[in-house]
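**Q** One letter stands for each residue in the lines below.
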Amino acid sequence: MKKGQILNRESFISNLSNILGREMPKEVVHPGLSSKPHLEIYKGYTQAQLAEEFHKNAQVNKAGSGGKIDSLIIEKKDLANTVAEKLVEHGTGPIIAWNDERFAEWGLNEVLKDAYVWTDKKGRENVDKALEASYGVCISDISLAETASYTVIDKLGKGRSSNFLPLNYVCIVPQSTIVPRLTQAMQKLHEMSKEGINPAAINFICGSSSSSDIELNKVWGVHGPIRLTYLIVSDL
Amino acid sequence: MGIKINDKSFKKNLEKNLNDDFMRAAMVKAQDLINKNRANVLSQLGDGNYQEWQKLSGEARAHAIENLDFYLNQFAENVVKNGGTVFFAKDAKEASQYVTNLAIEKGVKKVVKAKSMVTEEIGLNHDLIDAGVDVKETDLAEYILQLDDWNPPSHMVVPSLHLNKTQIRDVFAKNGYSGKDIPEDLAAFARAQLRNEFLTADMGIYGCNFAIAESGAITLISNEGNIDLCTSAPELQVAVMGMERILATYEDADICISLLARNAVGAKSTSYTTFVNGITEEGAADGAKEFHVVIVDNGRSKVLKSQFKEVLQCMRCAACLNICPIYRQVGGHSYNSIYSGPLGVVLTPLLAGYEDFEELPYMCSLCGACTEVCPSNIKLHSLIHEHKRVLAEDKKNSAFWGVSMTGAGKVFSRPWMYKLGTGIAPLMTKPLMEDGKIKKGISILKGWTDKRDMPALEKTRFRDWYASRSKGGNK
Ligand code: SF4
Numbered sequence: 001m002k003k004g005q006i007l008n009r010e011s012f013i014s015n016l017s018n019i020l021g022r023e024m025p026k027e028v029v030h031p032g033l034s035s036k037p038h039l040e041i042y043k044g045y046t047q048a049q050l051a052e053e054f055h056k057n058a059q060v061n062k063a064g065s066g067g068k069i070d071s072l073i074i075e076k077k078d079l080a081n082t083v084a085e086k087l088v089e090h091g092t093g094p095i096i097a098w099n100d101e102r103f104a105e106w107g108l109n110e111v112l113k114d115a116y117v118w119t120d121k122k123g124r125e126n127v128d129k130a131l132e133a134s135y136g137v138c139i140s141d142i143s144l145a146e147t148a149s150y151t152v153i154d155k156l157g158k159g160r161s162s163n164f165l166p167l168n169y170v171c172i173v174p175q176s177t178i179v180p181r182l183t184q185a186m187q188k189l190h191e192m193s194k195e196g197i198n199p200a201a202i203n204f205i206c207g208s209s210s211s212s213d214i215e216l217n218k219v220w221g222v223h224g225p226i227r228l229t230y231l232i233v234s235d236l
Numbered sequence: 001m002g003i004k005i006n007d008k009s010f011k012k013n014l015e016k017n018l019n020d021d022f023m024r025a026a027m028v029k030a031q032d033l034i035n036k037n038r039a040n041v042l043s044q045l046g047d048g049n050y051q052e053w054q055k056l057s058g059e060a061r062a063h064a065i066e067n068l069d070f071y072l073n074q075f076a077e078n079v080v081k082n083g084g085t086v087f088f089a090k091d092a093k094e095a096s097q098y099v100t101n102l103a104i105e106k107g108v109k110k111v112v113k114a115k116s117m118v119t120e121e122i123g124l125n126h127d128l129i130d131a132g133v134d135v136k137e138t139d140l141a142e143y144i145l146q147l148d149d150w151n152p153p154s155h156m157v158v159p160s161l162h163l164n165k166t167q168i169r170d171v172f173a174k175n176g177y178s179g180k181d182i183p184e185d186l187a188a189f190a191r192a193q194l195r196n197e198f199l200t201a202d203m204g205i206y207g208c209n210f211a212i213a214e215s216g217a218i219t220l221i222s223n224e225g226n227i228d229l230c231t232s233a234p235e236l237q238v239a240v241m242g243m244e245r246i247l248a249t250y251e252d253a254d255i256c257i258s259l260l261a262r263n264a265v266g267a268k269s270t271s272y273t274t275f276v277n278g279i280t281e282e283g284a285a286d287g288a289k290e291f292h293v294v295i296v297d298n299g300r301s302k303v304l305k306s307q308f309k310e311v312l313q314c315m316r317c318a319a320c321l322n323i324c325p326i327y328r329q330v331g332g333h334s335y336n337s338i339y340s341g342p343l344g345v346v347l348t349p350l351l352a353g354y355e356d357f358e359e360l361p362y363m364c365s366l367c368g369a370c371t372e373v374c375p376s377n378i379k380l381h382s383l384i385h386e387h388k389r390v391l392a393e394d395k396k397n398s399a400f401w402g403v404s405m406t407g408a409g410k411v412f413s414r415p416w417m418y419k420l421g422t423g424i425a426p427l428m429t430k431p432l433m434e435d436g437k438i439k440k441g442i443s444i445l446k447g448w449t450d451k452r453d454m455p456a457l458e459k460t461r462f463r464d465w466y467a468s469r470s471k472g473g474n475k
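Residue numbers (UniProt numbering), protein chains in the order written: chain A, 1 to 236; chain B, 1 to 475.
Isolated chain A (complex conformation):
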């Protein structure tokens, strides 16, 4: 099987065009949505206000999760200490972190000195380390105030499995990355896509892994991380 083919396109698409009563158009002008209520949510909020909303909604998620989610607003000067505290909160254990120079810039070298750093060229070893990890440490690329979601945009050095396998997660949410809601994230992906940039995976995450499949009882950590801590850093 060759990579990058489209198989059976002709007959499939021309059948649809026939049904729609025309040839397939060369271009379709999207009529746009008839109103834009999604642009009104948290409109005009400052970054600090958005951080407050993010925190408030994280508290709602926390309540719904029976305490499995936590959120703190801190300053950059307190980041290293707070990360250190959070990394022992649910018992010590192996840590996995991205290969990201921001950790050093933000003074986390000492705290993460024993962490396994995702290094793609080591191949599957990374995945095994993620599977064993008690803690993962990551940084949000885009943060959504309305749902208290952080976002991971796939890139070498981050490792997709490292975001889903560890038991506990500490996510650093720079205040500057917080936008009102999914709308602004979609605008960003739209802009990237126009430039031909389509990252292999974009993950929006707003909670611990959960399921209500057994008599509608909510249970935590069915597959992914059980606990999640957001550290919203007001001056990053």
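Mixed in with the good hints, there may be bad ones.
[Stated by the list, open to error] Computed footprint of chain A on chain B, listed as stretches where at least three residues anywhere in the stretch have a Cβ under 8 Å from a Cβ of chain A:
1. 82-89
2. 156-167
3. 283-296
[What the hints assert, rightly or not] A short, non-exhaustive set of chain A residues, derived as facing chain B with CB atoms under 10 Å:
4. His30
5. Pro31
6. Lys155
7. Ser193
I should point out that these hints are in silico values taken from the structure, not numbers from a laboratory.
Note that the structure is a prediction, hence the values are computed from the model and not measured.
For each residue, glycine too, the CB sits at the ideal point set by N, CA and C.
For this one, chain A is given, so just place chain B with the ligand on it according to the hints.
**A** Relative to chain A, chain B with the ligand alone:
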């Protein structure tokens, strides 16, 4: 499995489910809980004007369906730009064979699957198993159902809703579980069993909530994180989607995603909302090295041609199931289709034919609650009504129905016959009476009296009572 979940008659299925007290109570509990949460989160959406969002989402879905050829083509081009391969499958067989052949060709021994209705529809699991591939469903409910000898799903969002925790414990016990029927312990068992499967599978298969034409992205929405592991670990990945899953732009996706989670589970967002754009960067330690998207027609183009076209806008949120008073009473399995509730009533006969499903349109009281909630703005009850009309037209031509309807027509159009009929009905039903009620009806009354008593027919007809009352008589 295919669309039809068993070969029993409609009546037999219904009888069985009406006697399943746990299942019926579970349906009620699920409806009440999800609807309460749903109403709460919808009231917090923007200024709480749900109808406006519903209209927008309907516009986005309708625009994509009106231009399906263009957007599917654009989507396919973009998947290829992102390093993937696209296969357009005209029917279930072609779709399933493509994935199965791919698995055989690549020497796949184990597949991890994340919940996908369309793979149920095309019968993929059984083809893979027949080809010697070990298939692992990873969504907790689907995992339970797989271990329970492929018990069919009864709800689109909570597929194992019909099983209680003791039944689930018994299913797990056959597979090495020795604990109690505590949901946390059962889930922990599943977690322990499944974690390693993700990492040792050669292939990941998942569905698609929305496909975005402008970038070639597949959007996946879940709470468990199993989809994310299916899209992370295996080197070979396949997304299977019904062709109607397309949306033109990220902005359209924003509106639809915002409504999907809220309607499906009554939450502002599910824990994981994921966009997958083909193969991973060169040199990455995980993620897809090879990525395929299978776009399935399987009868959908016939729907596109028909007066039922609007149903293709569906985003499978299950809000219509959760509000439906019939679904509440009979449960998902009574529809004998993987698509249940009002959506199933509309869609199943279109995809699988009236022959096996001609009773389905009558699983509706035309109350219109489904239309009111539907985030895709589909006028479900009108489409169900249209099914009834089509069936009635069809039946007019069948010998039995023709005779019965002609007979009824004669009675109703001749006042003296109508008067006589309604006059003697209380007398005719007298032998069936017990303690002033009809407890064991015969013929068409039986279906009613099997479940509840029927009040005795009044001796005074409504018309006579009304005429007398109008003259200032009777109370
Ligand atoms: S028909 Fe509407 S309410 Fe029912 S599942 Fe589809 S989108 Fe949801």
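**Q** If a hint holds in the structure, say so; if it doesn't, say that too.
**A** Now for the hints, and whether the structure bears them out:
no. : hint    : verdict
1   : 82-89   : holds (count 8)
2   : 156-167 : holds (count 6)
3   : 283-296 : holds (count 8)
4   : His30   : 5 Å, holds
5   : Pro31   : 7 Å, holds
6   : Lys155  : 7 Å, holds
7   : Ser193  : 4 Å, holds
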